[in-house]
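**Q** The residues making up each chain are set out below.
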Amino acid sequence: MITGEQKPIDEIREMIAPYKRILVLGCASCVAECAAGGEKETAMLASTLRIAAKMKGEDVLIEEKTLDRQCVRDFVVLLDDIIERYDAVLSLGCGAGVQAVAEIFPEVPIIPAINTGFLGETRDQGYWVESCLGCGDCMLYHFGGICPLARCSKQLLNGPCGGSMDGRCEINPDVECAWHMIVDRLTKFGALDRLENIYPPKDWSRKQGGGPRKIVREDQQK
Amino acid sequence: MNNSSKLKRVLEGGGFAVTAECGPPKGANPDVVLKKAEMLRNKVDAVNVTDNQTAIVRMSSIAACSLLKTAGLDPVLQMVVRDRNRIALQSDILGASALGIRNVLCLSGDHHIFGNQPQAMGVFDLDSIQFVQVVRTMRDEGKILGGDGLSQPPDFFIGAAANPFADPFDFRVIRLAKKIRAGADFIQTQCIYNLDRFERWIGMARDRGITDKAYILGGVTPLKSPGMAKYMKNKVSGMDIPDEIIKRMEGVPKDKQREEGINICVETIQRLRGVPGIKGVHIMAIEWEEVVGEIVERAGLLPRPVFD
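Note that the protein sequences, when read in sequence, are chains A and B. FYI, in this note's numbering the residues of the first sequence are 1 to 222. FYI, in this note's numbering the residues of the second sequence are 1 to 308.
FYI, nobody ran anything at the bench for these hints, they're computed from the structure. Quick caveat: nothing in here was measured; it's all calculated off a predicted structure. The beta-carbon is built from N, C-alpha and C at its ideal position, and this holds for glycine as well. A few of these clues could be false.
What the hints assert, rightly or not - Simulated crosslink set (DMTMM-like; lysine to aspartate or glutamate; CA at most 25 Å straight-line):
1. B/LYS213 / A/GLU196
2. B/LYS235 / A/GLU196
3. A/LYS56 / A/ASP74
4. B/LYS224 / B/ASP196
5. A/LYS207 / B/ASP196
To be verified - Here are some chain B residues the structure puts well away from chain A; computed CB gaps all over 10 Å:
6. ASP125
7. ALA166
8. LEU195
9. ASP196
10. GLU199
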């Protein structure tokens, strides 16, 4: 899932200040799972903004809607009938959602209401952790299912560094040492000898070699 | 001026090597480096120059190494992979060799969150082991990553670091072996205070037969005060300072604490000299370079060998 967190309300208020008719647009996918931009959070943000506007005596229309997925064209086009009512959209989608709406409605300013975070997992209620960089060439097999690129603070492919203590990372004792976990897991699987290999430098061209990445699948196209 | 690594010659000649550390200034004045050079001249075989240690911006390691080289010392260029991608690292290796620098120590580097630029993008394009391998391939095969040839290969005695005090302990020797297999000619260790643990680690390295494949130099740092010892124990990850050491520092009057720190350091070096597989010491007197000569002398390691 893509995680995000809502921006501070003052920052949001500053960005929407020039506009009079605003659609607060939620997304029921990833950002709903991480309680940042789903239907509930969208309703709460819209309500907070209405109250703030009222208290300041501002004459502003603020309405809300939540799409199933802001990053998918088929859902975004559902705004076709209503978009004309607004002079700005405040999106609680991730960065991809914001840009998908902007792409489809180029004449309307789309304002981000959340800071997009990372590709991660819901570890517990109210607890999300980063676990994938989207590097384009998955190496999890080699490392016992733990990604050192996403989870080691120094992205070591031949770790752990000299700062690993009691399973904790040197940057902060709250951070688990990914390499300690990798060593433990491979030891458990009897596969520690895998780490005798020197892993060569990562081929980053799969991530950033040709500008923004795309996937083109002719078998999926009509 | 002879243009080979003095450190390499001492070690290959079977001598017990002594290296020290020189932290470049937070400024552009070359005299700071040259002053430290005078403190270390004829006291050690080679001088490590740190590379923006603890991620604090300082004069570049290459420039400070070049100043030391011009002053007639044998510098060890520390290079961290934190700040440069593979293009910049390989380019700087060629440049450093062209300047006559003959030793390089390949490191990951302290994470930038600790320094004065915590907003920086950490690069970490290569890790320290890959970097050792890259330098070795440049030197021995005259090739950069990807296979392109060099018109002239760089000439380096290649080093790497090892921390016997970090976790997971049993994996530490495997990682040391990887560094040596990648091409490390010499190893400098983290500061040693817990000699028992250090000897267990070097014993595991001997059992794997790797102490004959690279020259391992034990790291030491003289303590200035019990406060410094406690700070290092509690705040610096990967440091192991036994309580006896702290008690010993606390057990002497304040005006004798520095002397006691030097005593501990000298005793550590003397014990290290008797450890099979240890080929030298690396003295990291942090912003206290003036004490290195005394430590080396008291450890019975003067005079240092002289080459033509």
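**Q** Determine for every hint whether it applies to the structure shown.
**A** Status of each hint after checking the structure:
1. Taken as a hint, the B/LYS213 and A/GLU196 pair is honoured in the structure, with Cα atoms around 16 Å apart against an allowance of 25 Å.
2. With a C-alpha separation of about 31 Å, the suggested pair B/LYS235 and A/GLU196 falls outside the 25 Å cut-off, and the hint is violated.
3. For the suggested pair A/LYS56 and A/ASP74, the alpha carbons sit about 38 Å apart, so the restraint of at most 25 Å is broken.
4. The hinted pair formed by B/LYS224 and B/ASP196 meets the criterion: a straight-line CA distance of about 22 Å does not exceed 25 Å.
5. Between A/LYS207 and B/ASP196 the alpha-carbon distance is near 46 Å, which puts this suggested pair outside the 25 Å criterion.
6. The beta carbon of B/ASP125 is not kept farther than 10 Å from every beta carbon of chain A, the shortest such distance being approximately 7 Å.
7. Residue-level check failed: B/ALA166 sits 5 Å from the nearest beta carbon of chain A, not beyond 10 Å.
8. Every Cβ of chain A is farther than 10 Å from the Cβ of B/LEU195; the closest lies at roughly 18 Å, confirming the non-interface assignment.
9. No beta-carbon of chain A comes within 10 Å of the beta-carbon of B/ASP196; the shortest separation is about 18 Å.
10. No beta-carbon of chain A is positioned within 10 Å of the beta-carbon of B/GLU199; the least distance is around 18 Å.
Checked against the numbered hints above, the structure breaks hints 2, 3, 5, 6, 7 and satisfies the rest.
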